[in-house]
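With the hints as extra help, turn the sequences into a complete structure.
As they're listed, the protein sequences go chains R and H.
Note that the numbering used here gives residue 131 to position 131 of the first sequence, counting from 1, and the numbers run on in steps of one.
Note that the numbering used here gives residue 92 to position 92 of the second sequence, counting from 1, and the numbers run on in steps of one.
If you're looking for bench data, these hints aren't it; they were derived computationally from the structure.
Glycine included, each C-beta is placed from N, C-alpha and C at the ideal position.
Each hint should be verified, as a subset may be incorrect.
What the hints assert, rightly or not - Over the 12 angstroms line for every Cβ pair with chain R, so calculated as not near, a few chain H residues:
| no. | residue |
| --- | --- |
| 1 | Phe32 |
| 2 | Thr50 |
| 3 | Cys63 |
To be verified - Computed list of lysine-lysine pairs in BS3-like fashion (alpha-carbon distance at most 25 angstroms, straight line):
| no. | chain 1 | residue 1 | chain 2 | residue 2 |
| --- | --- | --- | --- | --- |
| 4 | R | Lys246 | R | Lys264 |
| 5 | R | Lys246 | H | Lys146 |
| 6 | R | Lys57 | H | Lys265 |
| 7 | H | Lys207 | H | Lys134 |
| 8 | R | Lys57 | H | Lys267 |
| 9 | H | Lys107 | H | Lys134 |
| 10 | H | Lys183 | H | Lys164 |
| 11 | H | Lys107 | H | Lys146 |
| 12 | H | Lys106 | H | Lys207 |
| 13 | H | Lys207 | H | Lys183 |
| 14 | H | Lys146 | R | Lys264 |
| 15 | H | Lys106 | H | Lys172 |
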Amino acid sequence: MSSQDIPEENVPAERASDDHGHGHAPVVVADEQNPFADPGLPPHEHRIQDIDERAAKRSERLVAMLFVLSMVATVGFIASYVAIPNDKSIFVFPLGHISAMNFSLGMCLGVALFSIGAGAVHWARTLMSDVEIADERHPIEAEPAVKAKVLADFKQGAKESALGRRKLIRNTMFGALALFPLSGVMLLRDLGPLPGTKLRHTLWSKGKLLVNMNTNEPLRPSDVAVGSLTFVKPEGLEEHDEDFQKEIAKAALMIIRLQPEDIKDKQELEWSYQGIVAYSKICTHVGCPISLYEQQTHHALCPCHQSTFDLSDGARVIFGPAGHALPQLQIGVNAEGYLEALSDFQEPVGPAFWERG
Amino acid sequence: MKKLSARRRHPLAAVVVLLLALAATGGLYAAFAPAGKAQADETAQSLGITEGKKLYSVGCASCHGTGGQGSSDGPSLVGVGAAAVDFQVGTGRMPAQQPGAQIPRKKVIYTQAEIDQLAAYIASLGAGPAIPTKNQVSPGGADIAKGGELFRTNCAQCHNFTGKGGALTHGKFAPSLEGVDPKHIYEAMQTGPQNMPSFPDTTLSEKNKQDIIAYLDAVNGDETESPGGLELGGLGPVSEGLFGWVFGLGTLVAVAVWVAARTAKAKKS
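Here it is, written out as structure tokens:
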């Protein structure tokens, strides 16, 4: 489309006739018929730089100085990267003791970037044209003539391609276009496979010993004092195992010991051993490790969203967004006197998922 | 021998044998017993207990009962051990100033000698953990990396990653571990003061505790270097977010105002 085709209303008002920008649309005075008349643009005021060449020179020098400062800072960045040993520490008020390299790299990079921006802004504010221009709105819709031309062109194209006549080409093309996106859809298969029953099972099973994560030794009931807190992992899971993180994320346990008469929940008492109870460490809200245990109140608090569980009452939720109690692991003692699991968890650990029911 | 043998069925023979056996045991004990320790028990230890009981009656008995049996205002002290007393009184938490969600750390009002006497008295009420020796709490030679691992497993959930402390429920909080005497850190782990769970030697060995103390000394000590500078309390996203919103966003707003501000206009003349 050539420039002659630009519709009249797209041309900025009075632009051509006014190269100094002093004029503006004829002011319509507000009267009773038209109380909210367009007051037009205010008269343009010149900046100091527009009329005083010395001031303009000063601005120019300042902008150039900022750009030079940026160059110096960039060179400083490279120099400090090369020259400063990365274990050197200096004292800078008010940051305190700080790595000399971090400090100089950060300062140089910051100054280099900020100076470019500040120079550009100062340049635009003081030296570039600041004449107010009204840029009128215009309808988005094309002219009727243009629309008719486009439609005619389309019809002509359809006729020339003989798409309507050569049905074989048309149908195979549609087939190719429809099938092609399937390759993209197919890649989504890598999101799977479906978890199956993995969310319902952990590494715990009958007879697995409770191993203290601090000492890597199996726990005896006498090791666990009332008011103490111990974290355990299932026997056979070692920290250097490839799947350690994956498995401990489900199997992590916290072991506490209560006076048996303090346990209010009947099932909790049955599943405990001499007041020793084992609860999943994974919050049932979104799965944060929850172990902020208060030994006097027997409350465990989740640090993420403050869900609070009463470990003396079946780990009931007493505050916060968690949907259900922490799963408890049934424990007992084996023939050698070590604490062992009596089964896997009876319900999925961690956050709820929709098939959980 | 014949005479002895002949009288072995005499009615008094059993009594004579018993007397002889008792004399022999007593004599052996007197000969082999650790004399120095027994003597110390006579003087310093029992004196400490007596003095400690006096201090206890004045400063502690109103809440913990006249014999340490506890009351509605304070728990029983039977079996808490000397370590618990050294921690609670040595950090100024005890005697408590006022009841509340948690008794905070404050100015220590007893001398170490008086604390030792109080501890000796409480330890005499029932067996409990003893005050650790200098050697036990010294961070020298411990495994700092292992200590960090243990700290993150056992402590960081409440005390934050470098021991800066954090909030708990209903006004309770995990205090900052900055500037806390290694002895008191050790005692806190062993005894579990207030709502802190305990980590007895059976689940967190003496060596483990030393490693943790060494880790805290490395990340939170006076000599600790902070490569990033300006830690903002080391509390993580809360203080950092606040700083970002106030100063970061504030700077951006100021720059935006400058960009859009009216430039100086030439005066009309």
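A quick look at each hint next to the structure:
1. Non-interface status of H/Phe32 relative to chain R is upheld: no Cβ of that chain comes within 12 angstroms, the nearest being about 31 angstroms off.
2. Listed as outside the interface, H/Thr50 is consistent with that label: its C-beta sits roughly 30 angstroms from the nearest C-beta of chain R, beyond the 12 angstroms cut-off.
3. Consistency note on H/Cys63: stated as away from chain R, and its beta-carbon is indeed over 12 angstroms from all of that chain's, at 15 angstroms minimum.
4. At roughly 33 angstroms between alpha-carbon atoms, R/Lys246 and R/Lys264 are farther apart than 25 angstroms, so this suggested pair is violated.
5. Proximity of R/Lys246 to H/Lys146 is assessed by CA-CA distance (about 22 angstroms); at most 25 angstroms being required, the pair is judged to hold.
6. As the CA atoms of R/Lys57 and H/Lys265 are separated by approximately 16 angstroms, the hinted pair is consistent with the 25 angstroms bound.
7. Taking the CA atoms of H/Lys207 and H/Lys134, the gap is about 14 angstroms. The hint holds against a cut of 25 angstroms.
8. Taking the CA atoms of R/Lys57 and H/Lys267, the gap is about 19 angstroms. The hint holds against a cut of 25 angstroms.
9. Distance check on the hinted pair: H/Lys107 and H/Lys134 sit about 23 angstroms apart at the alpha-carbon level, within 25 angstroms; holds.
10. Between H/Lys183 and H/Lys164, the direct Cα distance comes to roughly 18 angstroms. Compliance with the 25 angstroms bound is thereby established for this hinted pair.
11. Distance restraint check for H/Lys107 and H/Lys146: the Cα-Cα separation of roughly 33 angstroms exceeds the 25 angstroms cut-off, and the hinted pair is therefore not satisfied.
12. With a CA separation close to 29 angstroms, the supplied pair H/Lys106 and H/Lys207 exceeds the 25 angstroms bound.
13. Of the supplied pair hints, the one linking H/Lys207 and H/Lys183 holds, its CA atoms being roughly 14 angstroms apart against a limit of 25 angstroms.
14. Annotation: proposed proximity of H/Lys146 to R/Lys264 is violated, straight-line Cα distance about 38 angstroms (limit 25 angstroms).
15. Taken as a hint, the H/Lys106 and H/Lys172 pair is honoured in the structure, with Cα atoms around 16 angstroms apart against an allowance of 25 angstroms.
Violated hints, in rising order: 4, 11, 12, 14; the structure is consistent with all others.
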